[in-house]
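Q: Assemble the whole structure, with the sequences as input and the hints as a guide.
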Amino acid sequence: MPESCEATVTLTGDLHARPAGALSVAAGRYPCAVQLSVNGTLADAKSVLAVMQLGASNGQQVTVRAVGPDAQDAVAALVAVLSAVTSAAD
Amino acid sequence: MVGIVLVSHSALLAEGTAELAGQIGGGTVTIATAGGTDDGRIGTSIDKVAAAIRRADAGSGVLILPDMGSSVLTVRTLLADDPDDLPAQLEVADAPFVEGTVAAVVTAAAGGSLKDVLNAAQEARHARKL
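Same order as they appear, the protein sequences are chains P and Z.
Note that the numbering used here has the first sequence beginning at 57, numbered continuously upward.
Note that the numbering used here has the second sequence beginning at 256, numbered continuously upward.
Hints are not guaranteed to be accurate.
Stated by the list, open to error - Listed next, the in silico SDA-like pairs over lysine to any residue satisfying Cα-Cα at most 25 Å (straight line):
#1 Z:Lys384 x P:Thr142
#2 Z:Lys370 x Z:Ala313
#3 Z:Lys384 x P:Thr119
#4 Z:Lys384 x Z:Gly277
#5 Z:Lys370 x Z:Leu345
#6 Z:Lys384 x P:Gly69
#7 Z:Lys384 x P:Ala73
#8 Z:Lys384 x Z:Leu328
#9 Z:Lys384 x Z:Leu345
#10 Z:Lys370 x P:Gly115
#11 Z:Lys384 x P:Gln116
#12 Z:Lys370 x P:Gly96
#13 Z:Lys384 x P:Thr97
#14 Z:Lys384 x P:Arg74
#15 Z:Lys370 x Z:Leu385
#16 Z:Lys384 x P:Gln117
#17 Z:Lys384 x P:Gln109
#18 Z:Lys370 x Z:Leu328
#19 Z:Lys384 x P:Gly96
#20 Z:Lys384 x P:Leu110
#21 Z:Lys384 x P:Gly115
#22 Z:Lys384 x P:Val94
#23 Z:Lys370 x P:Thr142
#24 Z:Lys370 x P:Gln116
#25 Z:Lys370 x Z:Asp293
#26 Z:Lys384 x P:Asp70
#27 Z:Lys384 x Z:Ala313
#28 Z:Lys370 x Z:Val353
#29 Z:Lys384 x P:Pro125
#30 Z:Lys384 x P:Asn114
#31 Z:Lys384 x P:Ser113
#32 Z:Lys384 x P:Asp100
#33 Z:Lys370 x P:Asn114
#34 Z:Lys370 x Z:Ile297
#35 Z:Lys384 x Z:Gln278
#36 Z:Lys384 x P:Leu98
#37 Z:Lys370 x P:Asn95
#38 Z:Lys384 x P:Asn95
What the hints contain is simulated information worked out from the structure, not anything from laboratory work.
A: If you want it as structure tokens, here you go:
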């Protein structure tokens with residue numbers, strides 16, 4: 057069984073270009089696969105274009121799921137980025 | 256870290272795309288621009304491209320993103336001449352200019368290899384806006 061981990065964050069701001077970039081940079085540092093899920097739509101967290109296309113906005117729930125090496129660390133890092141998204145960011 | 260070179264017919268387009276991608280990527284990646292002709296008109300300059308490649312090189316490879324048409328030809332002409340002073344690891348992305356640059360810069364910022372950065376740029380061909 058590969059290592060896997062999952063967590064859900066409620067956004068306190070919109071997931072615009074800059075936070076999407078921060079998220080994908082963070083995800084790209086880990087060897088595991090990392091997927092985001094918003095309202096049933098999935099995106100590869102390492103693809104900034106896919107993350108932006110999710111159009112996740114303030115108040116929505118984002119689920120982070122990682123499978124593979126360092127899955128727990130990857131989810132913790134992405135939860136930190138998602139929790140820091142504020143309505144002032146663009 | 257992989258460096259990025261933007262080759263555009265327009266200096267403003269190259270600089271604006273570099274500014275945007277730099278903001279989204281967190282500002283850690285070197286993005287060098289080669290926009291316009293040597294005398295500031297719309298067009299391309301082989302000398303500007305060569306200089307930008309040297310500026311972007313930090314030893315981990317350089318990805319070149321041309322905007323279209325003769326930007327591609329200028330890059331190909333330079334690489335076909337194979338000047339001694341260019342880095343050994345060079346790739347040219349077949350990718351949309353803005354989306355490809357943003358994807359490449361984010362992947363480079365995460366510490367991706369030149370192959371990873373090239374793939375990220377080229378996968379942007381499939382990214383939908385709507």
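Q: Compare the structure with each hint and give your call.
A: Right, here's what the structure says about each hint:
1. Z:Lys384 x P:Thr142: holds, 24 Å
2. Z:Lys370 x Z:Ala313: This hinted pair holds, its Cα atoms lying about 16 Å apart.
3. Z:Lys384 x P:Thr119: Satisfied, since the Cα-Cα distance of roughly 22 Å is no more than 25 Å.
4. Z:Lys384 x Z:Gly277: holds, 21 Å
5. Z:Lys370 x Z:Leu345: holds, 10 Å
6. Z:Lys384 x P:Gly69: holds, 21 Å
7. Z:Lys384 x P:Ala73: holds, 13 Å
8. Z:Lys384 x Z:Leu328: This hinted pair is violated, its Cα atoms lying about 28 Å apart.
9. Z:Lys384 x Z:Leu345: Judged against 25 Å, a Cα distance of about 29 Å means the pair is violated.
10. Z:Lys370 x P:Gly115: violated, 37 Å
11. Z:Lys384 x P:Gln116: At roughly 20 Å apart (the allowed maximum being 25 Å), Gln116 of chain P and Lys384 of chain Z satisfy the hint.
12. Z:Lys370 x P:Gly96: The hint is violated at about 31 Å.
13. Z:Lys384 x P:Thr97: holds, 15 Å
14. Z:Lys384 x P:Arg74: holds, 17 Å
15. Z:Lys370 x Z:Leu385: Measuring from Cα to Cα gives roughly 28 Å; hence the hint is violated.
16. Z:Lys384 x P:Gln117: Answer holds: Lys384 of chain Z to Gln117 of chain P is near 22 Å, not above 25 Å.
17. Z:Lys384 x P:Gln109: holds, 7 Å
18. Z:Lys370 x Z:Leu328: Holds. Lys370 of chain Z to Leu328 of chain Z sits at ~22 Å (cutoff 25 Å).
19. Z:Lys384 x P:Gly96: With Cα atoms ~18 Å apart, Lys384 of chain Z and Gly96 of chain P stay inside 25 Å; holds.
20. Z:Lys384 x P:Leu110: The given pair, whose Cα atoms are some 10 Å apart, holds under the 25 Å limit.
21. Z:Lys384 x P:Gly115: It holds: about 23 Å lies between the C-alpha atoms, which stays within 25 Å.
22. Z:Lys384 x P:Val94: holds, 17 Å
23. Z:Lys370 x P:Thr142: Violated - the C-alpha atoms of Thr142 of chain P and Lys370 of chain Z are around 34 Å apart, more than 25 Å.
24. Z:Lys370 x P:Gln116: Violated - the C-alpha atoms of Gln116 of chain P and Lys370 of chain Z are around 35 Å apart, more than 25 Å.
25. Z:Lys370 x Z:Asp293: violated, 31 Å
26. Z:Lys384 x P:Asp70: holds, 17 Å
27. Z:Lys384 x Z:Ala313: Cα-Cα ~33 Å, so violated.
28. Z:Lys370 x Z:Val353: holds, 19 Å
29. Z:Lys384 x P:Pro125: violated, 32 Å
30. Z:Lys384 x P:Asn114: holds, 20 Å
31. Z:Lys384 x P:Ser113: holds, 17 Å
32. Z:Lys384 x P:Asp100: The given pair, whose Cα atoms are some 16 Å apart, holds under the 25 Å limit.
33. Z:Lys370 x P:Asn114: Measuring from Cα to Cα gives roughly 35 Å; hence the hint is violated.
34. Z:Lys370 x Z:Ile297: violated, 31 Å
35. Z:Lys384 x Z:Gln278: The given pair, whose Cα atoms are some 20 Å apart, holds under the 25 Å limit.
36. Z:Lys384 x P:Leu98: Measuring from Cα to Cα gives roughly 15 Å; hence the hint holds.
37. Z:Lys370 x P:Asn95: Since the Cα atoms of Lys370 of chain Z and Asn95 of chain P sit roughly 33 Å apart, the hinted pair is violated (cutoff 25 Å).
38. Z:Lys384 x P:Asn95: Measuring from Cα to Cα gives roughly 18 Å; hence the hint holds.
Consistency note: the structure conflicts with the earlier hints numbered 8, 9, 10, 12, 15, 23, 24, 25, 27, 29, 33, 34 and 37.
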